[in-house]
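Now for the letters of each chain:
Protein chains: 2
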Amino acid sequence: MKDLPLAEVYRLIEPGPVVLLTTRSRQGRANVMAMSWHMMVEIAPPTIACVVSSNDFSFFPLRQTKECVIALPAVELAERVVKVGNCPGRDTDKFATAWLTPLRAEQVSAPLVAECFANLECRVVDTRLVDRYNLFVLEVLKAWIDPAQPKPKTIHHIGNGAFVVDGEVIHFESLIP
Amino acid sequence: MKDLPLAEVYRLIEPGPVVLLTTRSRQGRANVMAMSWHMMVEIAPPTIACVVSSNDFSFFPLRQTKECVIALPAVELAERVVKVGNCPGRDTDKFATAWLTPLRAEQVSAPLVAECFANLECRVVDTRLVDRYNLFVLEVLKAWIDPAQPKPKTIHHIGNGAFVVDGEVIHFESLIP
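Sequences listed follow chains B and Y, in order.
Each residue of the first sequence is one higher than the one before, counting from 14 in the working numbering.
Each residue of the second sequence is one higher than the one before, counting from 14 in the working numbering.
Some clues are possibly wrong.
It does not matter which identical chain is used: a pair holds within one copy or between any two.
To be verified - Listed next, the in silico EDC-like pairs over lysine to aspartate or glutamate satisfying Cα-Cα at most 16 Å (straight line): (1) Lys166 to Glu89; (2) Lys166 to Glu181; (3) Lys166 to Asp16; (4) Lys96 to Glu186; (5) Lys15 to Asp139; (6) Lys164 to Glu92.
Just so you know, these hints were derived from the structure itself, not from any lab.
Fair warning: this is a prediction, and the values are worked out from it, not measured in the lab.
One chain only, chain B, in its complex shape:
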């Protein structure tokens, strides 16, 4: 995987794809969950808000270690993403169950996901809305892109296991980044 400039991160998150979120507990156990509730907050430094339910096993390592990775799967991984979403993290090695490969990250203890086309190493920077809404604010410290997946199509969850896949791209003159 190659460096992705941090100024490019918003292009990955802004369109709202399903992502994977990985954590590693203080005891060293890695976990991965599927996530659709996330948005950009600032372009520079790239800042992302996300909601991780306190019913999710990932909630506790995220709150405790304040580190995670957001990994972006292309449509070819859709079945594995659903598998990640369907199995509980408490008793399962979800990486093994879903045939995903954890890789060592550079700045956080949470692992990258080898099969994903982009990986964002993140640190929690604001927890004021965690108690009320399970809403974490993350800063992206380091971003990776897989040059072997140059034109990935992402998936967008529309509920109950149905996903819209990216279709055509249209262009307009725009003053907006």
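Starting from the known structure of chain B, arrange chain Y on it as the hints suggest.
Frame of chain B; chain Y shown alone:
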């Protein structure tokens, strides 16, 4: 437009489409902006977080009145959405400029957008992250759907006026709502 059950709202927001956000100032002036930085926070009551920059003219009426409408445009409105994004709200009637029709809402002073396939009347319920991140938490009070637009395709912004249009829908067995 017909009632949309509030329990269905997350299906519209979770996939991350470009939306329009409308406000009405205390002086009675309606405004509309394009927005991609939003996410679901809770399914019931439907709660949405969004970022509205303090550089946007909509920021002040939203903070002051604590009311807005989130309207969902289908791909056929893409050019008008870009027009909304490109022109400043301070000196322009953006509804007129972009050929959009404001309609009276039921529970908030901000207008619905007649051409959009769904409209969500919202009230601001949390402002703790407004000063730091321009992040508002909204509760959806009332939702409308246009039965004349049964299968709308939405658009997702990937930066600089480029949008991905919804493609095919794929289905998996899922335990997740």
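Up to 16 Å CA-CA - Asp16 versus Lys166, copy category: neither (20 Å within a copy, 33 Å between copies)
Up to 16 Å CA-CA - Glu92 versus Lys164, copy category: neither (19 Å within a copy, 25 Å between copies)
Within, between, both or neither, where Lys96 and Glu186 count as close if Cα-Cα is 16 Å or less: For Lys96 and Glu186, only the inter-copy Cα distance (9 Å) is at most 16 Å; the intra-copy one is 40 Å.
Intra- versus inter-subunit Cα pairing at 16 Å for Lys166 with Glu89: within (8 Å within a copy, 22 Å between copies)
Alpha-carbon proximity context of Lys166 and Glu181, limit 16 Å: So Lys166 and Glu181 pass the 16 Å test inside a copy (10 Å) and across (11 Å) alike.
Within, between, both or neither, where Lys15 and Asp139 count as close if Cα-Cα is 16 Å or less: neither (28 Å within a copy, 39 Å between copies)
The structure shown violates the earlier hints numbered 3, 5 and 6.
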